[in-house]
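Enquirer: Listed below are the residues making up each chain.
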Amino acid sequence: MLQVSIYRYNPETDSAPYMQEFQVDTQGRDVMVLDVLHMVKEQDNGMAYRRSCREGVCGSDGMNMNGKNGLACITPLSEVVKDGKLTLRPLPGLPVIRDLVVDMGLFYKQYERIQPYLQNDTPAPAIERLQSPEDRDKLDGLYECILCACCSTSCPSFWWNPDKFVGPAGLLQSYRFLADSRDTATRDRLAELEDPFSVFRCRGIMNCVAVCPKGLNPTRAIGKIRDMLLANAT
Amino acid sequence: MSNMRSLSFDAIIIGGGGAGLRAALELAKSGKKTAVLSKVFPTRSHTVSAQGGITCAIASADPNDDWRWHMYDTVKGGDYIADQDAAEYMCSEGPKAVFELEHMGLPFSRFDNGRIYQRPFGGQSKEFGAGGQAARTCAAADRTGHALLHTLYQNNLKNNTTFLNEWYAVDLVKNANDDVVGCIAMDIETGEVVHVKSKATVLATGGAGRIYASTTNALINTGDGIGMALRAGFPMQDMEMWQFHPTGIYGAGTLVTEGCRGEGGYLVNKDGERFMERYAPNAKDLAGRDVVARSMVMEILEGRGCGENGDHVFLKLDHLGEEVLGKRLPGIVELSKTFAHVDPAKEPIPVVPTCHYMMGGVPTNIHGQAIMQDADGNDKIINGLFACGEAACVSVHGANRLGGNSLLDLVVFGRAAGMYIEGALNEGIEYLDASESDIESAMKRMNRWNESTGGETVPELKRELQSIMQNSFGVFREEKNMVEGVKKLAELRERIANAHLPDKSNAFNTARVEALELDNLMEVAEATAISALERKESRGAHSRYDYPDRDDVNWLKHSLYFPADKKLGKRDVNFAPKTVDTFEPKVRTY
Amino acid sequence: MVTNITNFGRSGLSDWLVQRVSAVILALYTVFIVLYLLLNPGLDYATWSGLFAQTWMRIFSLLAFVSLAAHAWVGLWTVTTDYLKPTGLRVGAQTAIILAIFVFLVWGIQILWGA
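Chains as they are written, first to last, in the UniProt record's numbering: chain A, 1 to 234; chain B, 1 to 590; chain C, 1 to 115.
These are computed hints drawn from the structure, not numbers from a lab.
A virtual CB, placed ideally from N, CA and C, is assigned to each residue, including glycine.
A couple of the hints might just be wrong.
[As the list claims (entries may be wrong)] Which residues of chain B face chain A? A few of them, derived with a C-beta cut under 8 Å, are:
1. Val-40
2. Thr-43
3. Glu-102
Start from the sequences and build out the full structure, keeping to the hints where you can.
Expert: Shown next, in the form of C-alpha cells:
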C-alpha cells in the first residue's frame with residue numbers, strides 16, 4: 001500500500017486548501033505517478049488534475065511531487081517515493097483553480113510576450129527557406145519545450161515577479177527564435193528584453209535546469225540572450 | 001434555458017489540434033470572427049505526439065519526386081477505397097502546405113544542401129511502385145507533430161485567433177431545417193454552459209483510440225466530434241477501419257515511430273529472424289502498416305513471439321549506432337528508456353500492434369463540408385457542418401493510412417476547410433436560428449448526467465467498453481466474436497444511460513468531462529462494431545478470418561453507418577481524379 | 001519591455017554590467033587592502049595616513065567607494081522590487097536606501113580628500 005497525500009481545494013466547498021491522505025494499492029508495480037492519480041480518482045471522483053498524452057510530450061500534468069516539479073506521466077514511483085510516501089501538490093507560485101489544477105494564465109502571458117513565432121520580413125521563396133544543418137542544430141535543446149511550466153514555477157525570480165520576469169520557459173523560447181537563422185527580428189526582440197526585469201531577473205539559481213522533464217537548459221539560453229544583448233549594445 | 005449565455009461567431013472550430021489550428025489560422029487571417037474551442041490548451045492536443053513526419057512530395061531527398069507517385073502510394077495503401085479526387089488534392093496541394101509550415105517557422109531537420117530532411121516510410125514508392133523505396137517523409141527529428149502543433153499555435157497567436165481553451169463541446173445544435181447552427185459548450189474552469197452560435201461549425205476533434213484498451217492515443221482521444229455528429233443523426237463513414245500501428249511499446253502502448261524502420265531498424269521474432277522478409281519480400285519492414293501489424297500477430301500466434309508469454313516481437317535499432325539514434329530518433333530513445341526500460345542503442349524494444357488511428361469519420365468533400373445521404377442514396381451537404389483531420393473521412397486514407405499522411409491530411413484539409421468557409425461567409429450565410437426546443441434537445445444528455453442519482457460509475461464502464469472492443473474488434477476479426485461484441489455493446493449502452501456522476505460541482509469538474517466523453521466512446525464503439533460486422537470482406541486494416549479476401553464486386557465501397565436505425569449502408573468511392581488517370585484496383589502486395 | 005524609472009540606468013543590461021564591473025573593482029580593492037595589512041604587521045597611523053595621502057590611492061579608493069555605492073544601489077533596488085510588493089513601502093525603502101548611500105558616499109569622499 002502506498003500512502004499518497006494530495007493537496008485538495010475546491011473553491012465551491014472549501015474555505016481553505018488541505019492535504020488529504022489516500023491509500024493506493026499498486027500491487028507492488030513501479031507505475032507512474034499519473035497511474036496513481038487515476039487510482040485515486042476512482043476512490044474520489046472529484047479529484048481534479050490535467051492529463052492528455054500520458055507520455056511526456058503534451059505538458060499537461062506538471063505538478064509538484066515530493067517537493068520537486070515534474071510530469072506525473074513519466075515519473076515512476078521508484079524515482080520519487082520516499083519512505084513509502086508520495087506527496088502531490090500543484091505547481092507552486094500560480095493560483096490554484098482546484099486540487100492539482102493551476103491557473104496558467106500568467107505563464108502563457110509571458111510566453112506570448114516574447115512573440116513566439118518566426119518573423120521574417122523578406123518575401124518567402126516558392127519552396128522552403130534554406131537552412132544549413134549547423135544552423136538547424138542551434139535550435140536543438142530549445143524547440144522541444146512542451147510548456148509544462150515545471151521550470152518557471154520552480155523559479156524564485158518568477159515567484160516574486162511573475163508579471164514582469166519572462167521566466168525560464170518564455171526565455172528559452174525567446175532564444176529559440178533569436179537563434180533561428182531564418183528570423184530577422186533579432187533587434188526588435190532584443191529591444192523588448194533589455195529592461196531590468198524580463199531577462200535580468202534571472203539570478204542563475206538553476207532550479208529550471210534541475211526540474212526540466214525534457215532535459216533542457218533555460219539558464220544557458222538566458223546566458224546566450226545576455227551575451228546577445230551585450231554584443232548588441234556595446 | 002433562457003438564462004443561458006450565448007456567444008456568436010462566424011465560425012467555431014471545435015478542437016485545437018493540427019487540423020483545427022490550421023483551419024483557424026486561415027480564418028483568422030481573413031478577419032472573420034472565429035474561435036477555436038478546445039477541451040485542452042491547444043499544444044496539449046494529440047497532434048503533439050506525432051513523431052516520424054509529414055509525407056509530401058517536396059522533391060528534397062529526390063529532386064525528381066512526383067506527387068502522383070505519392071498519390072498512387074496513398075490509393076494503394078488505402079486498398080483502393082480512398083477517394084481519388086481527395087488523394088489527388090492532398091498530394092498535389094501538399095507541397096504548398098508544407099512550405100507554408102516551414103515559412104511559419106517549423107524547425108524541420110535539414111539535408112546538407114539546406115533543404116528539408118526526408119526519410120523513408122512504409123508504403124512509399126517511386127514511379128508508381130516500379131522504382132523502389134522512396135524517402136518522402138519530411139521530419140523534424142522524431143518530434144514532427146510537436147514542432148508542427150507548436151508552430152501552428154504560435155502563428156495563431158500572431159494572427160490574434162480567439163481561443164476558448166479548456167472548454168468542452170457537449171452537443172451540436174440543429175435548427176428546424178436540420179442545419180447545424182452551433183453547439184452547446186461548457187467552460188470547464190467554471191462549469192458555465194453556453195450556447196455557441198455560428199454559421200460554420202468545424203469538427204476537428206481528432207480520433208477516438210480510447211475505445212480500445214491498448215492504444216497509442218492520448219487520454220483525450222474520445223471521439224467527441226464523432227459522438228456529437230452521431231447523436232445529431234448524421235452518418236459515419238468507414239468506421240470499421242482502425243489502424244493498428246505495428247510498433248506500440250509492449251505493455252505501455254506508447255508509440256514508436258515507423259521512422260525507426262525508415263532509418264534502418266527492423267522487426268525480429270524470438271529466433272532473431274527478420275520475419276518481414278517472408279511476408280513482404282520487397283518492402284520488408286516498410287510494407288503498409290496493416291500488412292506489418294498482421295504479420296506480427298501471425299508470428300505471435302504461431303509461437304514465435306518474444307518474452308515469457310511470447311506475446312510481442314522486438315524492434316531492433318542497436319545497429320544504427322548512437323549517433324543516428326541521437327540525431328534522428330532522440331525522442332524514441334527517451335520513450336523506450338521511460339516506458340520499456342530499454343536503451344535502444346543496446347537492446348531491442350519490445351513492441352506489439354497497438355490501436356493508433358481511425359481512418360473513418362464524418363464523411364466530407366475536399367472542402368471539409370460534411371455529407372449525408374438523401375432518401376435516394378445521393379450525397380447531400382449538411383448545412384453548417386464541417387469536419388477535418390482525423391475526425392473527418394475525406395477519404396484520403398481509405399482502408400489503411402500510410403505513415404506521415406495524417407499530418408499532411410491535417411494541414412491540407414484544415415487549410416481547405418478554412419478557405420472554403422471564408423469564401424462562403426463572404427457570399428453570405430443565413431440559417432434559421434435555433435429554437436428553445438432545439439437547444440433543449442442538445443442539452444439532454446448533459447442534464448441526464450447532472451440529474452443522475454445512482455448507478456454504475458464511469459471508470460468501470462469505460463474499462464468494460466475498452467475490453468469488448470479489444471477482444472472482438474482487434475487486428476483479426478470474425479463473425480461470431482463480433483456478433484457477441486455488438487450484443488455486449490448494446491447492453492453496455494443501456495447501463496451507460498443509467499450511470500452515475502457522483503461529483504456535480506462546477507469548478508474544473510473533470511469527472512463530468514469524463515462522463516460526457518464516455519457517451520462519445522460508446523457512440524464510436526457501436527458505430528465501429530456494427531460497421532465491422534457488416535463489411536463482409538477483408539480490406540486494408542479490416543481483416544476477417546471468415547472473409548479473408550478482398551471483395552471488389554460488393555465492397556469497393558465506403559461503408560456508411562446510420563445511427564438512427566444502426567444500419568450499414570454504402571457510398572460510392574470516387575474514382576475520378578481531375579488531372580491524372582484513375583488508379584484501377586490491383587492486388588495489393590509489398 | 002517592462003518600464004521602470006527607479007533602477008540605476010533604466011536598463012537591465014547597464015545595471016547588469018555595472019554590477020559586474022563594480023564587483024571586479026571591489027574585489028581588487030579588497031585584495032589590495034588585505035595584502036597591505038598582511039605585509040605591514042606593525043601598522044601605525046603615520047604609515048596608514050601616508051598611504052592615503054598619495055593621489056593614486058585616493059583615486060583607487062574613490063573608485064571603490066563609487067563602485068560600492070553603485071553596487072549597493074543595484075543590489076538593494078533588486079531586493080526591494082523582489083520582496084516589497086506595496087508601492088508605498090517600496091518607494092519609502094528605496095528613498096531611504098538612496099539617501100543612506102548618498103550620505104555614506106559624500107562622507108567617504110570627505111574623509112578621503114578632506115583635511
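Enquirer: Which numbered hints turn out to be false for this structure?
Expert: none
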